[in-house]
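Colleague: Given chain R, work out where chain W should sit, using these hints.
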Amino acid sequence: MKSSGRARSGRGLSWAKYGAGCVAFALLSAATTILGQMGTPTPLSPAERQKAEADRAVTGPVPNYPQLVDITKSTGINFDHKSSPEGKFIAESMSGGVALIDYDGDGWPDIYFTNAQSVEMARHGIKARSALFHNNHDGTFTDVTDKAGVGYPCWAMGAVVGDFNNDGRPDLLVTCLNGVVLYRNNGDGTFTDVTKASGLSADTGWATGAAFGQDRTGQPPDLFVSHYVDFHLDSLPAFASAQKPCKYLGIDVQCGPRGLSGLPDNLYRNNSDGTFTDVSKQAGVNDLERRYGLTAVWSDLNNDGKLDLFVTNDGEANYLYQGDGAGKFEDVGLLSGVAANADGVEQANMGLALGDFNHTGRLSVAISHFDVEYTALYRNDGDMNFTDGSIASGIARGTQGYVGWGDAFVDFANSGWQDFFQVNGHVYPQVDALHFATKFKEPKLLFLNQRDGTFQNISRRVGPALETPQVSRGLAVGDLFNDGKMEAVVENLVGEPMILRPEGGPKNHWISFQLQGVEANRLALNARARVTAGDLVQLGEVISGGSYLSQNDLRLHFGLGSHAQIDRAEVLWPDGQKDVIANLPADRYYVVREGQGIVSVSKPQQLTNLH
Amino acid sequence: MAIQEHPFLRGLALKSTRPTGTRRRGQIFKRALLPWNRRKSVVPALLLFPVLTLMAASQTPTSVQDQIAAHERLAQQYLRQQRPDLAIPEFQKLVALDPGNIEAQSNLGVLLFFRGNYQEAVPQLRAAIDLQPQLWKIRSLLGLAEEHMADLADARKDLEASFPMIVTRQLKIEVGLDLVGLYTGSGELDKAAGLVSQLKTAYPDAPEVLYAAYRTYADLSGESMLSLSLVAPDSAQMHQLLAHEEIRQGNTNAAVDQFRQAIALDPDLPGVHYELAELLNTSQDLVVKKEAEQEYRAALKSNPQDEKSICKLGEIALQTGKVQEANEDFSKAIALRPDDSDAKLDMAKVLIQLNQPAKGQELLEQTVQLDPTNATAHYRLATFYREQGRMDEAKLQLELYQNLRKEKDKLRAVYKDLQIQPSEIKADTADEK
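Heads up: the sequence lines are chains R and W, in that order.
Numbering of the first sequence is given in the numbering used here, commencing with residue 1 and proceeding in unit increments.
Numbering of the second sequence is given in the numbering used here, commencing with residue 1 and proceeding in unit increments.
Bound conformation, chain R alone (with noise of 0.2 Å):
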């Protein structure tokens, strides 16, 4: 028999084993040659990709857009994320949290980064250390994390902040490969471990997204823990298995999630004295497909009053749960057009960002995903209706070809339009080595909201620092220095992490809130704020968690363009009360409190020792 004598090819693309006729095989799709990769391939068309060259071919400035300058150095971080360097194990690919927490109540954010340890490292009993920096509202920071206690809760995933005890004083959910860790914030710039007085140790798998949120009207916010794998030290998946989906690409790469036995979710009753209950199974978010759980957040998705829960699955349909606000939930993903893509194909999900970037008075769901697909821009409809608008936007078309991970809708340059930013960073160490685009080391992305759903990439137009590459995961963005501006501080997986400050641009204005709830939710998680300015009608919520495994700034921040006062602000507490504040000047911190309106008024910073 005449043979080619060629060698294979390798296994990139979808050939039928058995024949391209073959109709039980021409079922598959074409993930499944490509085992063990987490990502749907969804190829975009040439006509797409084409339009992502011309972007991306675009130089020179984005006219009236501030710079996205890297200022790590000058703030004084001295961070490292323990790694390894073959990443043989997926346990080691997906932590890199990061919290901002204003954890002394001094008005500035401070910074919590989370750390994770190698296998090998976990073998030799090392560990590593997560770090908590004060602000010392100089555009620097100090590391507090011994004073605090909060250097090494576990091999870390991500963190939340949330009040679990109603004390007023934000607390720190840290999530780990085996479980969480509940530091209750003493007020005394220290943190105790009350996991497990708090009846949290009972959680042992691999917790990585968690939330607080109010989802009982009148009571303490709840505790949402999603869990991903099934993971021991003791029985790791070897590397390359035969028996497990571990190749991408051709090459030999850590297993999973495919392949590995997922875990199920968890929702914790707050019992108001300092204590959980678990009550999965009854609120009926307890998961019984063990979906790979990844980045949750809370929110009122439909307006109705009732908070809802939305949960990102890695390589599987999202839940989206519908809440009847008295906790119990039902499943709405598949009907609500959120748990895959339009063709019913589950995608990677990774960071989950909440925004209303189009001013419908909706938030709007960005998720990130795997390279072979592309960020899902989910428009918020209405009524638990979601259009996928993620190619019609033209954020598919700029985000395919990268693995994405946090990601935020945010106003860099105080428009009033949120833009959206995005990390990234491979999880495969071995990408290196195939010669061709995909690295391991990723840029970040930045698109700019053009006002009419649709937005535009100008990640290489702002600055040197975005096309830095990293191994990126964490994004929590916020006013890191109390001048107006909004700063996205950077988790990266390997090495250091990145501070982004935005500089220049033009001089727009802006207001900020910070909420404060006075009965059972003070730090008023949930607690959402209409802006009105002119045309200008904006909506935010304080949202526990959220981006990958990470918390941004629980304050309000509305960049309001030229607009040098706002109309009016209504603030929808979750128990349904309302307080509107009309004629607030801008760029002003407003701290507003249930039910008796602003109760402090701050100007901002001018800080000199940033550059």
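No lab work stands behind these hints: they were computed from the structure.
Ideal Cβ placement from N, Cα and C applies to all residues, glycine included.
Be careful, since some hints might not be right.
As the list claims (entries may be wrong) - The list that follows gives simulated cross-link-like pairs (lysine to aspartate or glutamate, DMTMM-like), each with its CA atoms no further than 25 Å apart:
hint	chain 1	residue 1	chain 2	residue 2
1	W	Lys322	R	Asp452
2	W	Lys410	R	Asp343
3	W	Lys322	R	Glu53
4	W	Lys395	R	Glu330
5	R	Lys51	W	Asp285
6	W	Lys200	W	Glu407
7	W	Lys191	W	Asp205
8	W	Lys289	R	Asp535
9	W	Lys322	R	Glu330
10	R	Lys82	R	Glu48
11	R	Lys147	R	Asp104
Claimed, not checked - Here chain R is said to cover these stretches of chain W; the calculated rule only asks that three of the stretch's residues, wherever they fall, bring their Cβ under 8 Å from a Cβ of chain R:
hint	stretch
12	377-383
13	386-397
Modeller: Relative to chain R, chain W alone:
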């Protein structure tokens, strides 16, 4: 006399053709399932056994009649007692006394068959057939017994004769597969393929049929490959064949090379341009995709009615943003083949882009009618219904979508296992060597 039924012969109406003087007992037999392994004794199957009354043999001496009646009674009794070992001798005596007794011949033959005594079963069954050739089930049993006795010529004759006349599922499958085996054994793979195809159509859920089909087609494929390599080793068809073999092995580049060689030898080789185009079209490289487009156009030039190529060009047009062109292509495709669900799904996507959602929805509804297994169509239809507030219908479509996805996941698991198997099979082969 009480009627008992042999499960095998249930449903079989036996009519005696014996000369006058012999009492005929006509019994209706219900349908039966042939034991899965017919070589085994199937005593439980003999719990019930048809016993027929005999017509009085008016010309038989009374003593003989009495004997016949006595043997009949005993045979029936032993069968009720589930003692075929005792019933058989009674039937043998019955047949000796009354050789024209079809029922006795048949029953004896059946009993002997299910006892695995094919040597003795054959003459009895044959005798019954000689008396009444339209006893198709009996004839099929005769054929199976003859096969056991390696009397392949007679087996084939009897099985071929009985197969078309049998309606009982299990028996039909058994006989059919035996015939397939006979044809395969004699190298008549075409006949085997034809018959197995019939069986597959009639019994698409029978695993034994599906396996036989797989083996037969695989054997036919192998035989054809060998023949082609002997008859025309350097032909365009040979390269086309090798291309498919390369595809099976996952050697994409090599497959493309083979297709190109085939085209170089015979640019008008039917289907070759389309096949090459399909291979090239899976690439993400824009240059390669352009080549795929050219090959689809070449296929269309060869055959302007090639609906599949028209569809593919429509897809390419859609991807390159040429929506109107895509609209024309898919319209043509649907006109040529209104039953092509894929074309209708793609056309629906075009209409959605052209802001004609109502028409798009209509096509999606047609798509799911034509191809209820198209998960994407169900999902997209659910989106439409959801947007229109038709939530119950949306939920139904999503349920169908989810069920299909679950089936796909199961297949994926099977596929994954098959990926692992080849090396295991190779290892086994090495051990055997």
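Colleague: Please go over all the hints and tell whether each is borne out by the structure.
Modeller: Now the hints, each set against the structure:
no.: 1; hint: W:Lys322 / R:Asp452; verdict: holds (24 Å)
no.: 2; hint: W:Lys410 / R:Asp343; verdict: holds (20 Å)
no.: 3; hint: W:Lys322 / R:Glu53; verdict: holds (19 Å)
no.: 4; hint: W:Lys395 / R:Glu330; verdict: holds (14 Å)
no.: 5; hint: R:Lys51 / W:Asp285; verdict: holds (16 Å)
no.: 6; hint: W:Lys200 / W:Glu407; verdict: holds (21 Å)
no.: 7; hint: W:Lys191 / W:Asp205; verdict: holds (22 Å)
no.: 8; hint: W:Lys289 / R:Asp535; verdict: violated (47 Å)
no.: 9; hint: W:Lys322 / R:Glu330; verdict: violated (42 Å)
no.: 10; hint: R:Lys82 / R:Glu48; verdict: violated (38 Å)
no.: 11; hint: R:Lys147 / R:Asp104; verdict: holds (13 Å)
no.: 12; hint: 377-383; verdict: holds (count 5)
no.: 13; hint: 386-397; verdict: holds (count 5)
In the structure shown, a violation is registered for the earlier hints numbered 8, 9, 10, in ascending order.
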